[in-house]
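Since chain A is already given, all that's left is putting chain B on it; use the hints.
In case you want the letters, here they are:
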Amino acid sequence: MTARPAVVSYQGNYAGSVSRFVAYAIDLTVTSAVFALALAAISYGVHIVTGHDVSWNRSSPVVIVLYVLWQFFYFGYSWAVSGRTFGMATLGIRVVRADGLVLEPRQGIVRALVFPLSFLLFGLGFLGILVQREHRALHDLIAGTAVIYSWDARAAHLRFLARQAELAPPP
Amino acid sequence: MEAIAQQVTERVVDLLVSALDVNELAARIDLNALLDRVDINRILKQVDLNALLDQVDVNAVLAQVDLKPLLDRVDVNDLVSQVDMDALVERTDLGAVIARSSGGMGTEALDALRSQAVGLDQFVDRWVQRLLRRKEPTPLAPPALLPAQAEL
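The listed protein sequences correspond, in order, to chains A and B. For the first sequence, the positions run 1 to 171 when this note's numbering is used. For the second sequence, the positions run 1 to 152 when this note's numbering is used.
Worth flagging that the hints you see were computed from the coordinates, not collected in a lab. No residue lacks a Cβ here, since even glycine has one placed at the ideal position from N, Cα and C. The reader is advised that the hints may include incorrect statements.
[As the list claims (entries may be wrong)] In silico DMTMM-like pairs for lysine to aspartate or glutamate, Cα to Cα no more than 25 Å straight-line:
| hint | chain 1 | residue 1 | chain 2 | residue 2 |
| --- | --- | --- | --- | --- |
| 1 | B | K135 | B | D125 |
| 2 | B | K135 | A | D99 |
| 3 | B | K135 | A | E134 |
| 4 | B | K45 | B | D57 |
[Unchecked claim] Covered stretches of chain B (in silico footprint by chain A; criterion: 3 or more residues with CB under 8 Å from a CB of chain A, positions within the stretch not fixed):
| hint | stretch |
| --- | --- |
| 5 | 81-89 |
| 6 | 109-121 |
| 7 | 132-145 |
[Unchecked claim] Computed from the model, here is a short list of chain B residues facing chain A with C-beta under 10 Å:
| hint | residue |
| --- | --- |
| 8 | V124 |
| 9 | D125 |
| 10 | V128 |
Isolated chain A (complex conformation) (with noise of 0.2 Å):
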């Protein structure tokens, strides 16, 4: 048979900023559902316990200082344990160190320390993502991580060439 050109398998390489950004957007979704979920069960939960009625504002100090600690919580958890958040998984991206090695426990809890400084000044800690050589933001230099590919796209090509196949009628 004649080879014909290669699908390139984008595992290994540094993910780009869509990729990131989609991530973060669809872990943002979870977190914030899943944060409102549990204040909703804990109004209720108080509601039969009590009979009085607890009522969530958003600006009021203590569920914003809960909010953060459980976005601390959700990304120090999942970078330090697998390396890669919900939304990560989705995309199919994760966080590995600066040398390309599995992440260690502790710089997944450092970046997840320091992600708030990329927001400083309108998010310029994030242009890195964009405009550095190894698309990585300010958290991703200070805690020595990158985020990359984990998916094999050429695999996924060959699904996608195999569901064809399938639909195809016979010769």
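The following block gives chain B in isolation, referenced to the frame of chain A:
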């Protein structure tokens, strides 16, 4: 008289042959020059290869072959890299096997989402490189993952 001459000749030839060092004689012969004068193709044309092969017990020959050192010399990776996997999946039952084993709508949707995202990543990256007037190529992957990249 003739019989005596015949006996003498045979005796002389015997003595001569025993006195000769055939190995030394053979060593002096320039076999290359000799072979240059031989038309091998003409000889081969006269050989009935089918008849010759009919007499060969291929199984017996193969039984004597040590396949392991032979296979050790084969670069399997190079061999596999020459296989057109796309055509293999499209034209054989392998495609159906992969399609049935690789999940349904979920996998398909994920593949599509990721492919779209990678496409947009590259589009944005190209424009940024152009705006920055960056000539030298940026690294594709972290150092530890580069050897794996080269193989892909």
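How the hints compare with the structure:
1. Restraint check for K135 of chain B and D125 of chain B: the C-alpha separation of about 13 Å stays at or below 25 Å, so the hint holds.
2. About 24 Å separates the Cα atoms of K135 of chain B and D99 of chain A, which keeps this hinted pair within 25 Å; it holds.
3. Taking the CA atoms of K135 of chain B and E134 of chain A, the gap is near 15 Å; set against the 25 Å cutoff, the hint holds.
4. With a CA separation close to 23 Å, the supplied pair K45 of chain B and D57 of chain B stays within the 25 Å bound.
5. Coverage of the stretch 81-89 of chain B by chain A holds [criterion: at least 3 residues with CB-CB distance below 8 Å; count 9].
6. Here the stretch 109-121 of chain B counts 9 residues with a CB under 8 Å from a CB of chain A, which clears the bar of 3, and the coverage holds.
7. Under the rule that three or more residues need a Cβ within less than 8 Å of chain A, the assignment of the stretch 132-145 of chain B holds, with 9 such residues.
8. Satisfaction of the interface hint for V124 of chain B is found here, the shortest Cβ-Cβ separation to chain A being roughly 5 Å, below the 10 Å cut-off.
9. The interface hint given for D125 of chain B holds, since its Cβ lies 6 Å from the closest Cβ of chain A, which is under the 10 Å cut-off.
10. For V128 of chain B, the interface hint holds, since its Cβ comes within 10 Å of a Cβ in chain A; the closest pair sits about 5 Å apart.
Consistency note: the structure conflicts with none of the earlier hints.
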